[in-house]
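**Q** Each step along the sequence shown adds one to the number in UniProt numbering, with nothing skipped, and position 148 is 148.
Keep in mind the hints are simulated off the structure, nothing from the lab.
Take these hints with a grain of salt, some might be off.
[Unchecked claim] With a cut-off of at most 30 Å between alpha-carbon atoms, the simulated DSS-like pairs for lysine-lysine come out as follows:
1. K130 / K106
2. K141 / K164
3. K81 / K164
4. K81 / K141
5. K81 / K130
[Stated by the list, open to error] Label pairs and their calculated CB-CB ranges:
6. L189 / L70: 34 to 44 Å
7. E103 / E128: 18 to 28 Å
8. D142 / L186: 31 to 41 Å
9. A31 / P159: 28 to 38 Å
10. R45 / L186: 27 to 37 Å
11. R77 / Q185: 27 to 37 Å
12. A154 / R77: 12 to 22 Å
13. E108 / R182: 29 to 39 Å
14. H76 / P123: 14 to 24 Å
All C-beta atoms, glycine included, are put in the ideal place defined by N, C-alpha and C.
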Amino acid sequence: MKDSNGETRAQDYFVRHENGTDRIPLEEALALPRTPISGILDNLRSAHNVGSIFRTCDGAGARHLSICGLSPIPPHRHLAKTALGAVDIVPWTHFETIAEAIESTKNEGAQILALEFTENSVPLTEIELKFPVALVAGNEKDGLSEETLALCDATVHLPMLGHKNSLNVSVAFGIALYEILRRYQLQTLPETQNQTAR
1 MKDSNGETRA QDYFVRHENG TDRIPLEEAL ALPRTPISGI LDNLRSAHNV GSIFRTCDGA
61 GARHLSICGL SPIPPHRHLA KTALGAVDIV PWTHFETIAE AIESTKNEGA QILALEFTEN
121 SVPLTEIELK FPVALVAGNE KDGLSEETLA LCDATVHLPM LGHKNSLNVS VAFGIALYEI
181 LRRYQLQTLP ETQNQTAR
């Protein structure tokens with residue numbers, strides 16, 4: 001099992017806000033608050049996809065990314081190209097098997113959601129989320145195995161209205177992760193407003 005080593009690099013990190021892009025030290029970026037959302041990747045083939053997912057996890061403030069099996073891991077030049085520095089921000093761990101990653105994440109109390117279109121999957125917008133939540137994405141060609149789906153708490157899919165019934169895995173992961181983030185923010189909004197009013 002490998003993980004991010006926590007070393008900081010002598011570089012700045014860009015954070016995009018509504019009012020523009022700010023340059024902040026990497027140490028400050030590492031101290032930014034994290035959401036109770038994480039990702040698990042099973043045997044992705046493309047380093048570009050893994051890098052894009054790193055970047056998405058950073059944007060959503062994800063607390064962790066588990067990378068499993070033969071999925072490319074840092075350091076990797078193609079991964080770094082699409083991650084744009086996110087590998088230095090998002091905590092990650094490499095597991096030999098998806099089963100180990102799911103077990104470890106479940107032990108942290110997370111609800112495990114498989115992102116896969118099956119006969120029994122339900123739209124992500126209709127599932128009750130119980131934070132912390134971990135989103136599982138599978139191989140670009142084969143998706144997630146039946147054995148992996150059985151380890152998850154639920155299987156969810158994105159609505160597909162076009163002719164093609166699929167999306168690139170990093171695109172699908174990004175859409176799903178931000179829907180989960182939106183739901184989390186809706187749950188915490190009343191609490192935030194109450195704290196502000198005091």
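**Q** Take the hints in turn and mark each one as holding or not.
**A** Against the structure, the hints:
no.	hint	verdict
1	K130 / K106	12 Å, holds
2	K141 / K164	14 Å, holds
3	K81 / K164	28 Å, holds
4	K81 / K141	22 Å, holds
5	K81 / K130	34 Å, violated
6	L189 / L70: 34 to 44 Å	40 Å, holds
7	E103 / E128: 18 to 28 Å	23 Å, holds
8	D142 / L186: 31 to 41 Å	34 Å, holds
9	A31 / P159: 28 to 38 Å	37 Å, holds
10	R45 / L186: 27 to 37 Å	35 Å, holds
11	R77 / Q185: 27 to 37 Å	35 Å, holds
12	A154 / R77: 12 to 22 Å	36 Å, violated
13	E108 / R182: 29 to 39 Å	22 Å, violated
14	H76 / P123: 14 to 24 Å	34 Å, violated
In this structure, the earlier hints numbered 5, 12, 13 and 14 are contradicted, and the remaining ones agree with it.
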